[in-house]
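Asker: The chain contents come next:
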Amino acid sequence: MLTLVPRPESSKRMMYLSPIFALSATIFCGLVIFSIMSFDFATFTFTSNPFDPLVNFFYTPLTGRSGLTNLAMKATPLVLIAIGLAMCYRANVWNIGAEGQYTVGALAGTGVALAFYGVDSWLLLPAMFIAGALGGLIWAAIPALLRTRFNASELLVSLMLVYVATQLLFFLVYGPWKDPDGFAFPESRVFHTAARIPQLFEGSRLNLGTPIALLAVIGGWLLMGRSLIGFQIKVLGAAPNAARFAGFSEKKVIWLTLLVSGTLAGIAGLIEVAGTIHQLVPVISPGYGFTAIIVAFLGRLNPVGILLAGLLIALSFLGGETVQIENGLPKAAGSLFQGMLLFFLLASDVMLNYRIAWKRHRPAPRKIAQ
Amino acid sequence: MPTETTPRLELRSITKAFPGVLANDQVDLTVMPGEIHALLGENGAGKSTLVKIISGVLHADSGDLLWQGEPVTIPNPKAARALGIGMVFQHFSLFEALTVAENIELGMDHSGNRRTLEARIEEMATKYGLPLEPRRHVHTLSVGEKQRIEIIRALLLNPKLLIMDEPTSVLTPQEAETLFKTLRQLAREGVSILFISHKLGEIKALCHTATILRGGRFITSCNPAEESPKSMAEMMIGERLTPPERSDTDHSGVGRLVISNLSAPAESQFGVKLDAIDLTVRGGEIVGIAGVSGNGQSELMAHLTGERLAPSASMISIDGVAVGRKGPSDRRDMTAAFVPEERMGHAAVPDMTLVDNALLTSHRRNGFTLRGFINRLKSEGYAQIVCDAFRVKHRGIRHAAGHLSGGNLQKFVIGREIEHTPSLLVANQPTWGVDSGAAASIQQALIDLAQGDSAVLVISQDLDELLTISDRIAVLHDGRLSQARPTGDFTIEDIGLAMTGHEMADNTGPSEQNNTRSAT
Numbered sequence: 001m002l003t004l005v006p007r008p009e010s011s012k013r014m015m016y017l018s019p020i021f022a023l024s025a026t027i028f029c030g031l032v033i034f035s036i037m038s039f040d041f042a043t044f045t046f047t048s049n050p051f052d053p054l055v056n057f058f059y060t061p062l063t064g065r066s067g068l069t070n071l072a073m074k075a076t077p078l079v080l081i082a083i084g085l086a087m088c089y090r091a092n093v094w095n096i097g098a099e100g101q102y103t104v105g106a107l108a109g110t111g112v113a114l115a116f117y118g119v120d121s122w123l124l125l126p127a128m129f130i131a132g133a134l135g136g137l138i139w140a141a142i143p144a145l146l147r148t149r150f151n152a153s154e155l156l157v158s159l160m161l162v163y164v165a166t167q168l169l170f171f172l173v174y175g176p177w178k179d180p181d182g183f184a185f186p187e188s189r190v191f192h193t194a195a196r197i198p199q200l201f202e203g204s205r206l207n208l209g210t211p212i213a214l215l216a217v218i219g220g221w222l223l224m225g226r227s228l229i230g231f232q233i234k235v236l237g238a239a240p241n242a243a244r245f246a247g248f249s250e251k252k253v254i255w256l257t258l259l260v261s262g263t264l265a266g267i268a269g270l271i272e273v274a275g276t277i278h279q280l281v282p283v284i285s286p287g288y289g290f291t292a293i294i295v296a297f298l299g300r301l302n303p304v305g306i307l308l309a310g311l312l313i314a315l316s317f318l319g320g321e322t323v324q325i326e327n328g329l330p331k332a333a334g335s336l337f338q339g340m341l342l343f344f345l346l347a348s349d350v351m352l353n354y355r356i357a358w359k360r361h362r363p364a365p366r367k368i369a370q
Numbered sequence: 001m002p003t004e005t006t007p008r009l010e011l012r013s014i015t016k017a018f019p020g021v022l023a024n025d026q027v028d029l030t031v032m033p034g035e036i037h038a039l040l041g042e043n044g045a046g047k048s049t050l051v052k053i054i055s056g057v058l059h060a061d062s063g064d065l066l067w068q069g070e071p072v073t074i075p076n077p078k079a080a081r082a083l084g085i086g087m088v089f090q091h092f093s094l095f096e097a098l099t100v101a102e103n104i105e106l107g108m109d110h111s112g113n114r115r116t117l118e119a120r121i122e123e124m125a126t127k128y129g130l131p132l133e134p135r136r137h138v139h140t141l142s143v144g145e146k147q148r149i150e151i152i153r154a155l156l157l158n159p160k161l162l163i164m165d166e167p168t169s170v171l172t173p174q175e176a177e178t179l180f181k182t183l184r185q186l187a188r189e190g191v192s193i194l195f196i197s198h199k200l201g202e203i204k205a206l207c208h209t210a211t212i213l214r215g216g217r218f219i220t221s222c223n224p225a226e227e228s229p230k231s232m233a234e235m236m237i238g239e240r241l242t243p244p245e246r247s248d249t250d251h252s253g254v255g256r257l258v259i260s261n262l263s264a265p266a267e268s269q270f271g272v273k274l275d276a277i278d279l280t281v282r283g284g285e286i287v288g289i290a291g292v293s294g295n296g297q298s299e300l301m302a303h304l305t306g307e308r309l310a311p312s313a314s315m316i317s318i319d320g321v322a323v324g325r326k327g328p329s330d331r332r333d334m335t336a337a338f339v340p341e342e343r344m345g346h347a348a349v350p351d352m353t354l355v356d357n358a359l360l361t362s363h364r365r366n367g368f369t370l371r372g373f374i375n376r377l378k379s380e381g382y383a384q385i386v387c388d389a390f391r392v393k394h395r396g397i398r399h400a401a402g403h404l405s406g407g408n409l410q411k412f413v414i415g416r417e418i419e420h421t422p423s424l425l426v427a428n429q430p431t432w433g434v435d436s437g438a439a440a441s442i443q444q445a446l447i448d449l450a451q452g453d454s455a456v457l458v459i460s461q462d463l464d465e466l467l468t469i470s471d472r473i474a475v476l477h478d479g480r481l482s483q484a485r486p487t488g489d490f491t492i493e494d495i496g497l498a499m500t501g502h503e504m505a506d507n508t509g510p511s512e513q514n515n516t517r518s519a520t
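Quick note, the sequences are listed as chains A and P, same order.
Taking our numbering, the leading residue of the first sequence gets 1, the next gets one more, and so forth.
Taking our numbering, the leading residue of the second sequence gets 1, the next gets one more, and so forth.
In short, the hints are calculated from the structure, not lab data.
Yeah, the Cβ is synthetic: ideal placement off N, Cα and C, and Gly gets one too.
There may be inaccurate statements among the hints.
[Claimed, not checked] Below, a sample of chain P positions facing chain A; criterion: calculated Cβ distance under 10 Å:
#	residue
1	K230
2	T305
3	A347
4	A348
[What the hints assert, rightly or not] Cβ-Cβ distance ranges computed for the label pairs, FRET-style:
#	chain 1	residue 1	chain 2	residue 2	range
5	A	R149	P	R325	15 to 25 Å
6	P	G20	A	I325	25 to 35 Å
7	P	E239	A	T3	34 to 44 Å
8	A	K252	P	G255	25 to 35 Å
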């Protein structure tokens, strides 16, 4: 009989191995599903190669001239947001409203761009960045204030503010910020050149956002791994009483983690509108703020892990689109893969604290007490 | 005394393994009817595992369990109760907001009618001298009274074997004596009692037989009446015990810690309010605060560390500076150090390494951080120094603190504070749940610190400990602190009375006669 035996100490090796297990299991199950889908039971033959969608999902998006660029651009907001969220989660501060902070960051940046529409100054873009950062910061400051002042759950407050932010976006894009020459479509004016984040190289869509995300990874690593503030965050999350005893302020950590994560989410929103979409539209995110929660945990709340996890999840977005186009699979295929990946990761995580052992059956009881 | 020849309970070669540790290694145990049997051993010796196997919470990997001569398996606690095995745990599982009778009803498989139950409780209470009102709410009761609920709950099942886990650790000496009367009466009626305690003096007075475990193995059985507490302690730890030594010093130094008129309201419904506490601790002396836990110890400690702020700054002064409104970091900057009661999650972060735990209370000290960044080398070096100086058994300083045994973690926590040579050290229950060897070395470290002109304040439930190491003792009861008096002026009975709120008599006899400073 196979049994799970608790390990005396959680395994470092499994920490690195379990994402690989999860990825392998996902690929295997994907193959099984695609095989069943492409198998014709009437003629007992495969109507198409079941490896095809798998290749299209995991490999094709990386090829071609713009493959890696697309991947980087999808991963940029995910990584930026997840770095901030990981700080929160390390401190046991449950900010799940990054989607809202992202949206308000985008709105604030757009506001600056539209207010100075046509103004050709190099100062405009930095001003938009500041506005985007402030937008996210203010949106995250609300749960921080309510938590530290009234002990309101930051989890609920930050989540509810996502819907407020979305309604605010709809109001602006259908109302005051609608393009006067846009044939009543719910879209803002297209940003003029000075309000767009410039491309890094000629002929590539890659923009300044990606280096900013990489900077955030390095900054996050320095802060969490080397600084006293990171230490305070970790102690507060692991043992709040010990943090109080050490003289670390819980309120300070709550404020800090929420504000930093809000700022990063706001910048991510600004980068998306000013770097990729170049205007405000009703839908500016395929759920980056929520997916980043997955990225943060998939990356083990570790900045380098988050970078890798961000790339993997970005690939699953792109792969989902590719199999829709190439194999005619439903849109749900992408979500299916994300779901499987998480499911198997959580399952493999059992191996962090347990090992599998073979155990003989217990001897039959002789006499049971009545 | 044993009256029959068939053992009530017999364990043969019980073995139980946990990951990385053999908790019980072929343990034998025989308990006769009507016998009060002590189970002795250090923390981690395997006592709790053995008791859990007897009460059906855990299952042995191998070995035989005989109940009144017949082999049995005990699949769960309910089956154990059906056999007639009752348990009284060290930590109570009571609902504070319910009444005594309601609590007892909840713990029973077949409680029947509430009114009958109340009558039975009262009958039991009178019969065994355990006064208890069935309709009182639990939160209005003292610790000793709460324990009576647990005992009566066990007795209502007419047990043939009663297991008591550290029952006296929360009692005053007088309350313990009352409990012993009850236990002796039960034994006379034929009930077997398995008594777990680390207070060897009690075991000598109460128990007929003692089984000693060490490192999960059966070591020996003995008759406690023929042994001394010291000889039993040495059997438990397997080596000679060096009691802490001290030389009398001059305690006329300046008051390093001055608490004046400290009052603070209770933080919650079940908290304790502090009521006009006055105390001065001078450099070079150890002052002990005795008292049953739950009488304001944790509240007082929180105010001393700065985790809770005093209503006014002048209520607490360190080296002449009023710090009542300052937090833990500011107090540490004045070279004060603290050791809270709870090791796991309060004094130390179990999931973090010893290096990180060394940094926990040293982060403001010179060299541990530089411009907001951690100097890893410094805290690694410090963790190593602490482990070496206090002989902390560890697997490496980069392993999680949670792996250390209770005694070793406590040595680390105390060492972390003492190695900085603080001018003031406040320790709450410094040897609680720690094996005697580690306890003796911790006590010695406290004494040595005080000899170097530091002020040391020790809050402890362990009277023997306080009588051994303190120069002066005060008693905390219901948030009020008695005046501190030289240790020689006390007898155990005096302190016991004060622990239940009686005023201490003003004139005690000459200190030579009453000096009960014991060395276990």
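Asker: Hint by hint, work out which the structure violates, then give me just those numbers in ascending order.
Answerer: Of the numbered hints given earlier, those the structure breaks are 1 and 6, listed in rising order.
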